[in-house]
Amino acid sequence: MRYLLRFAGSYNVLAGLSMILFYHEGYKLLGVPKPHLVLEIQMVGILVALFGVGYHIVAANPVENRNLLMLGFWAKSLCSAAAMYHVWLEKLPWAFVPVVIVSDVAYLPFFYIILRRLDAAARRSS
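With this note's numbering applied, the sequence shown corresponds to residues 66 to 191, in that order.
Hints may be right or wrong, so weigh each one.
Label pairs and their computed distance ranges (CB to CB) [said to hold, decoys possible]:
| # | residue 1 | residue 2 | range |
| --- | --- | --- | --- |
| 1 | R71 | K93 | 29 to 37 angstroms |
| 2 | K156 | Q107 | 14 to 22 angstroms |
| 3 | Q107 | R189 | 26 to 34 angstroms |
| 4 | L143 | P100 | 17 to 25 angstroms |
| 5 | A187 | P98 | 44 to 52 angstroms |
| 6 | R188 | V167 | 16 to 24 angstroms |
| 7 | L115 | E90 | 16 to 24 angstroms |
| 8 | S83 | F175 | 31 to 39 angstroms |
| 9 | K93 | L173 | 24 to 32 angstroms |
| 10 | L94 | L143 | 33 to 41 angstroms |
| 11 | D184 | E105 | 31 to 39 angstroms |
| 12 | L154 | V128 | 39 to 47 angstroms |
None of these hints come from the bench; they were simulated from the model. Remember, it's a predicted structure, so these values are computed and weren't measured experimentally. Backbone N, C-alpha and C define an ideal beta-carbon position, used for all residues, glycine too.
Take the sequences, apply the hints, and build the full model.
This is the structure we're talking about:
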């Protein structure tokens with residue numbers, strides 16, 4: 066559990082930093098035209114990096130910080146649904162699908178299992 070949370074945390078921090086610093090390359094790689102204002106993608110990068118820090122906090126003290134993981138679970142779920150909706154509407158290219166799967170969807174079952182176990186541990190200790 067802790068290894069997965071550390072991996073997810075590090076992945077998110079690195080992904081967030083690349084959205085902040087290397088947004089031009091990201092747009093180019095995905096074949097999406099770069100908008101005039103890049104503040105939005107940089108703000109998303111900040112949030113992604115902060116979620117990464119949150120996963121590291123959960124890994125350090127899982128039961129007490131499980132609500133941070135719940136926020137991450139819902140963020141990954143809703144962002145995945147929104148991204149897939151925009152792919153379906155053809156506002157994003159299909160090349161974006163593997164990014165969503167690797168960055169968000171792949172973590173959902175693991176986060177769910179971890180959350181169930183942490184909630185059970187919290188109930189036992191109270």
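Hint-by-hint comparison with the structure:
Under the hint 29 to 37 angstroms, the C-beta atoms of R71 and K93, about 30 angstroms apart, fit the expected range. For K156 and Q107, the hinted distance range of 14 to 22 angstroms is satisfied, since their beta carbons lie about 20 angstroms from each other. Judged by the Cβ atoms, the range 26 to 34 angstroms given for Q107 and R189 is violated: they are separated by roughly 42 angstroms. For L143 and P100, the hinted distance range of 17 to 25 angstroms is satisfied, since their beta carbons lie about 22 angstroms from each other.
The hint said 44 to 52 angstroms for the Cβ distance between A187 and P98, and at roughly 47 angstroms that hint holds. Checked against the hint of 16 to 24 angstroms, the pair R188 and V167 fails, with Cβ atoms roughly 33 angstroms apart. Between L115 and E90 the beta carbon distance is about 22 angstroms. The supplied range of 16 to 24 angstroms therefore holds. Our hint of 31 to 39 angstroms for S83 and F175 is violated, since their Cβ atoms are close to 23 angstroms apart.
At about 28 angstroms, the beta-carbon gap between K93 and L173 stays in the expected band of 24 to 32 angstroms. Checked against the given bound of 33 to 41 angstroms, the beta carbons of L94 and L143, roughly 24 angstroms apart, lie outside it. Between D184 and E105 the beta carbons are some 34 angstroms apart, a value that agrees with the proposed interval 31 to 39 angstroms. A beta carbon spacing of about 41 angstroms between L154 and V128 agrees with the range 39 to 47 angstroms that was offered as a hint.
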